[in-house]
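Since the structure of chain A is already known, use the hints to place chain B on it.
Going down the list, the protein sequences come from chains A and B. Numbered by this note's numbering, the letters in the first sequence go through residues 682 to 795 in order. Numbered by this note's numbering, the letters in the second sequence go through residues -2 to 136 in order.
Simulated from the structure, these hints should not be mistaken for lab results. Among the clues, some could well be false.
What the hints assert, rightly or not - Simulated crosslink set (SDA-like; lysine to any residue; CA at most 20 Å straight-line):
#, chain 1, residue 1, chain 2, residue 2
1, A, 764, B, 131
2, A, 764, B, 19
3, A, 710, B, 52
4, B, 101, A, 777
Here is what each chain is made of, one letter per residue.
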Amino acid sequence: MQVKLEDKSGVSVVFVKGDIDINTSPDIKKFFDELIKDRKEKVVINLGDVSYVDSSGLATFVEILKKLRSYGGKLKLTNLSSKVRGLFEITKLTKLFDIFDEETAAIGSFQSGS
Amino acid sequence: MTEALRTKLQITNDSRLLKKASRELIDILKDRGIGEETLFDVQAGFEEALRNAMLHGNRLHPDKKVIVETEITFEQVTISVEDEGEGFDPDSLPDPTLEENLLKESGRGIYLIRHLMDRVRYENGGRRVVMTKYLKKRL
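Here chain A stands alone, though its shape is the one from the complex (with noise of 0.2 Å):
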């Protein structure tokens, strides 16, 4: 499992490569405990290159979010595949993600207030 963080436009894009399960899981709230530590606002997570996620992969996100929004940043979701993107509905964390298709899409979002 691969993590690269850029920053675009003051969008901080975070891209994941390989699975996200139990034993990656927390190398990745690793890497995010930074950002927060960094108190970033704008985050997108680019799944793009992600073929698979369990649920500890499913309640890191979770708590990624939650710490976030602890101190009022937004995290915005992208290029998941149609079968990680099943996981999201299948648990209906849809409700509590913002996903978008397009990495430009989601970066645009924060400047469109969303």
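Just chain B now, kept in the frame of chain A:
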């Protein structure tokens, strides 16, 4: 018609071995021409069951084991995952999709298994889950 394949596997309670066991099963199904959608559901259901067994059943105890039995036929794969824990009542778990539970960080594993697999039952006081997925070939 492909013959039935039965395997029994004893896995040490180490989450790194979870992925290995899952890959081995998925490779067998891939060789039998099973479609990607079905492979994903089997992988997710199996890994969630193993994760529950290691984490919640055996409570990550290094001396405890998980027993996995699989039966693959032309029509379906049946997987049994049994831990050495205290067991639990699967019907007592809260629904993780209810509004008040959405922000909770746990409780989705068993819910996912029930949705991804076609038949699921618990035995031996919740220590063993037996899951079946009907197999669909690649189009």
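Structure-based check of all given hints:
Between the alpha carbons of residue 764 of chain A and residue 131 of chain B the distance comes to roughly 18 Å, so the proposed pair stays at or under 20 Å and holds. With a C-alpha separation of about 17 Å, the suggested pairing of residue 764 of chain A with residue 19 of chain B holds against the 20 Å cut-off. Only pairs whose Cα atoms come within 20 Å are accepted, and residue 710 of chain A paired with residue 52 of chain B is accepted, the gap being roughly 18 Å. For the suggested pair residue 101 of chain B and residue 777 of chain A, the alpha carbons sit about 11 Å apart, so the restraint of at most 20 Å is met.
Violated hints for the displayed structure: none, as all numbered hints are satisfied.
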